[in-house]
Structure formats: structure tokens, C-alpha cells
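> Here is what each chain is made of, one letter per residue.
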Amino acid sequence: MSIQAIEDTKVKAFPAKPAEVIAFTAKARRRFEPIVIAGKLASTLVPPVIVIALMLVVWQIACSSPTSSLPPPSQVWNEAYDLIAHPFFNNGPQDIGLAWRVLISLQRVAIGFGLAAIVGVALGALVGQSIWAMRGLDPVFQILRTVPPLAWLPLSLAAFRDSSPSALFVIFITSIWPIIINTAVGVRNIPEDYRNVARILRLNQFEFFVKIMVPAAAPYIFTGLRIGIGLSWLAIVAAEMLTGGVGIGFFIWDAWNSSRLPDIIVALAYIGVTGFCLDRLVAAVGAFVTRGTTAK
Amino acid sequence: MTAYLKLDHIDKSFARGGQVSEVLRDIRLTIDKGEFVSIIGHSGCGKSTLLNLIAGLTKVSAGAVLLEDKEVDSPGPERAVVFQNHSLLPWLTVYENINLAVSKVFGRSKSKAERHDWIMRNLDLVQMAHAKDKRPAEISGGMKQRVGIARALAMQPKILLLDEPFGALDALTRAHLQDAVMDIHSRLGSTTIMITHDVDEAVLLSDRIVMMTNGPAATIGEVLAVPLARPRRRIELASDRTFLRCREAVLKFLYERHRFVEAAE
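If you're matching them up, the sequences are chains R and Z in order.
According to the UniProt record's numbering, the residues represented by the first sequence are 1 to 296, in order.
According to the UniProt record's numbering, the residues represented by the second sequence are 1 to 265, in order.
Keep in mind that the hints were calculated from the coordinates and are not lab data.
Bear in mind that the values here come from a model prediction, so they are computed numbers and not experimental data.
Glycine included, each C-beta is placed from N, C-alpha and C at the ideal position.
One or more of the hints may lead you astray.
What the hints assert, rightly or not - A short, non-exhaustive set of chain Z residues, derived as facing chain R with CB atoms under 7 Å:
{"hint": "1", "residue": "Leu57"}
{"hint": "2", "residue": "Pro75"}
{"hint": "3", "residue": "Gly76"}
{"hint": "4", "residue": "Pro77"}
{"hint": "5", "residue": "Val81"}
{"hint": "6", "residue": "Phe83"}
{"hint": "7", "residue": "Ser87"}
{"hint": "8", "residue": "Trp91"}
{"hint": "9", "residue": "Ala101"}
{"hint": "10", "residue": "Lys104"}
Please model the entire structure based on the sequences and the hints provided.
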């Protein structure tokens, strides 16, 4: 169409009829209804309760013969009742409730994992940021991360000459690899635009790290932290079995040596529940910290 | 008289895997203070590369970018860029995004209260003060781009660089933002360079339109002055002779003399 043609065509706008406004009547929000909430609760709680009950029944039947090598649940309940019912008793240095033991193990995890988180994020940032650091360090990391946690223990006992720092070192060395690797991936995936913004603002290395790199890589970092905390909980129980002390791991070893099988089973339940809570805790912190980060 | 911004015989080539591809050749251009210049050309002609060179995000292969007679070789807040995809940091609110820039640029020269006023003034300028506590994910594409412009303006740049700022927006939002940019330009008199592939947009906003030839080794084909008085009104211009003549000149350049040939290897 030529320009002349556009000029000649006069476009007349005619006013449209005003649209009728139809009031939108939203259904009044249902008020608090106990039945609905109870129903929802039941649908989440009932299935696992049934499964656990079934497992207990099968276990009871399987282990009820007098020649059975493992105790049935009823025996566990009777013999380890004080451990189940009183997690916080304290009768002297080696006779304490399982909750105390778990807390002691958790304290070790907190120190070892905390150090691993700091060092891991810093190393991961370096590897993600610098192509030469990656080329040099990545193969080393890939090999070292496959070493099982306990394989580090003799070496660390030799180096530290004490069981307590050795246990911390095992946690540290176990949980650091996924943190490093995930942080590095996260840093490598920072969009070029964010880097350009930082360059235009002339952010220095430290400002870039704090204000751009860590928040941008946070979803990856928290994936690494979540894997790391799971691994360190696995490692501490195993390490404590060998190093002794008052942790939950050593309690299991001690119970085995004095043939208290029911105690071991209760301790396993404690370990499982604690590991589950740790995982959920890190996931919740991650979800809180990275809110908005993943949205484009 | 020396030019405010001078692009002095700029060449740019990229080397990748032993192959050197020449993107820009012998770019010469001077821009005066307060001018609004658009750079238009077919995709792949190196317009964005040229903008990155002025921003300092990429380095020239030969020649120089001179801003007030000083050579530009690294990025800085005096050449603020508004990116095509806004580049707001998603974990910060609108206010915090601008604050990041303001506290870095004016951290020493302005007090905290002054910085706050400055952020709010720039948000007002793009009519986004109401959304200051929202995160980028919670506002529309046009609003994000407004905030991007506010962030760039808040650096108080000598030159504002717009890299296809409205490319990803729908036509209506685009028109609103063009009006906003015109308004800001008339109020602040900021020297502005805008990359675009929209002919109407270029004619409407610019004092001069720089037309690029096709790559490889693209260069400036023609520079068209747009002698339209400001303030310009979109509706009046739609039938304005000068506007139509300028528009036709750009169209002829792009579609007759320098037609885009797909896969011109």
C-alpha cells in the first residue's frame, strides 16, 4: 500500500457502546471446617500408619519363634522401654538418653558440615569462575569424591592423633564434594546479563561474590548442601562406631558388643528420624533463601 | 569543536577456533551531547556488538571509542545499558535492584536519605514507584523494562545505551514505553543511543538514524537526520510529511539497497 493511499483513507473511530458491567459474585470463602481439615490430615496420615502397622505385624510374626536371631517388636518395646520413653535421662557419663547422644552427634555434624559449607562454597565459586581452576581441580575432586567416608578415617586418625577431630574431618571431607560441585555448576550457569550488570556497576570481586554470585547460584548451592548434610549424617554414625565417645554411632557399637539388640533397633529409628529432619531443615532453609531466585 | 562521543575507525572481529570473523569494519560516528541516535539494521549486522563496544563490555579490535576525548576500554556506570531482557536481579525487589546501582555509584557522594530520594525520583520518572517492593517476577514485561530504564538513569550516565529495549514487548506496551523514553529524554536531555529494528520507533524517537549495512564486516551505510520538532506526538506524526519521508528513506535503505539475505555465507 502506498503512503498516498494511507493518507487518503480517513479512518473514523466510532464510540462503542459502553459495556455493561456484570458484578462478579465470588463464592464466599468457606469458613473453617473441621471436617475438611480432619479429612486432609487423615488422607496423609492413615496410609503410612497402616504400612508401618503391617510391617510391625510381619516383623512380629517373622521373629516370634524362640530360635529367631533378631528380637520381635514386642521384645524391643519391653526391653528398650526406657530408651523409647525417656530420651533425655542422664545417669552419669556413659548412661544417657538417646536424644542426648543424637544431639552430641548433631553437634559434630554442625561443626564438620559448617566448615564444609564455607570451604565448599568458596572452592566451588573458584572452580565455577575460573576456567584454569576448573581444569586443575575438577579431576582431583572427581576422584576424591568417590572415596568412601570411612576410608579417610585411618589417615585422619594418624594426622590428628585424636578421635574427635578425626570424626569432624571425616564429616568435612564427605560432605564437601557435592557442595563444591553444585556450587561450581551454579556459578557457571550465572546468566551473562547479570555479569554484565556487575561489570557496568564496576562491582569488585567481593561485591560480585556476595551480591550476584551467591544469590544467583543459591538454588544449586542448596542442592549441594542438602546432599552434603545427608552424607555427613551417614558418615558420622559410621565414624563414631570406630572412634568411640558418646555419639549415637558409638551407642550402636556399644549395644552390639553387649548384645542389646533392641537398643540398636531403637537407635536406628532415632537416626532415621533425625536424618529426615536434617534433610527437611536444609530444604526448608533453601526454599526460604532462594524464594524468587528461580523465577525468570 | 570536539564531539561528545566519537567512534573512531572501529573494527571488530571475533576469533573462534582459528577462524576470524569480521563483524564491524571502519565505523566512524560522532554524537553530540543530548542527542538521541538510533542504530538500525537487519539482525546479525552487528548492532548489538557496536553497542557492547560503546558500553565497554567487549573490546575493539582496532580504532577507539572516545567519550569526552577519553578512551573507553572497560564498562562503567557513566555508560549505562538497558538490556533487551531487562536483566533485573530476580532475588531483589524493584527498589533493591535500583539501590544496588545507586549505592555503588553514589555510595560516597550521597547520604542514605539522599540516595533514597534519588531512587524514588527515578522510579517516579518511569511511573514505577507504586511497585517498589515487588520482585521482578511479580510485574509485567513492560514494567520490568521501565525498572531497567530507571536503574540505568539512576546511575546518572553520560550516555544511555538502549539495546533493543522494547523488542520483547507487545505493540501497545511498546508505544507506552516509547512515550516514556521520549518524555524522559526531553526532561533530562540525556544523550541516548538506541539499537532497534523497528523503523517507526527509530523515526519517532531519534534525532539521527544510523543505518547499518549487512554483515559480515558491516559498516555504517547512511546517517539520516530526522528534522522533526519536539515534543513529538505519535498520532500527529502518523500523517506528517517529514515523518513519512524519513520512514520511507529508512525502509528503502533496509529493503531495497541492503536487503537482508538469509544465510549469506
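> Should the interface hint for Z/Ser87 be scored as holding, given a Cβ-Cβ cut-off of 7 Å against chain R?
Hint on Z/Ser87: holds, closest Cβ of chain R at ~4 Å, below 7 Å.
> Take the shortest C-beta to C-beta distance between Z/Val81 and chain R; is it under 7 Å?
6 Å, holds
> Taking 7 Å as the limit, does the beta-carbon of Z/Pro75 come near enough to a beta-carbon in chain R?
4 Å, holds
> Would the stated hint for Z/Trp91 survive a check requiring a Cβ distance to chain R of less than 7 Å?
OK, holds: Z/Trp91 within 7 Å of chain R, min 5 Å.
> Please verify that hint: Z/Pro77, Cβ, nearest Cβ of chain R, below 7 Å or not.
For Z/Pro77, the interface hint holds, since the closest Cβ of chain R sits about 6 Å away, which is under 7 Å.
> Does the CB of Z/Gly76 sit less than 7 Å away from some CB of chain R?
Since chain R brings a Cβ to about 6 Å from Z/Gly76, closer than 7 Å, the hint holds.
> A closest beta-carbon separation below 7 Å is what the hint needs, so does Z/Ala101 meet it against chain R?
Holds - the Cβ of Z/Ala101 comes within 7 Å of chain R, reaching about 6 Å at its closest.
> Can the hint on Z/Phe83 be confirmed by a CB-to-CB distance to chain R that is less than 7 Å?
6 Å, holds
> Mind checking the CB of Z/Leu57 against every CB in chain R and telling me if the closest is under 7 Å?
6 Å, holds
> Tell me if the interface restraint on Z/Lys104 is satisfied: Cβ within less than 7 Å of some Cβ in chain R.
Holds: closest Cβ of chain R sits about 5 Å from Z/Lys104, inside 7 Å.
Hint compliance for this structure: every hint is met.
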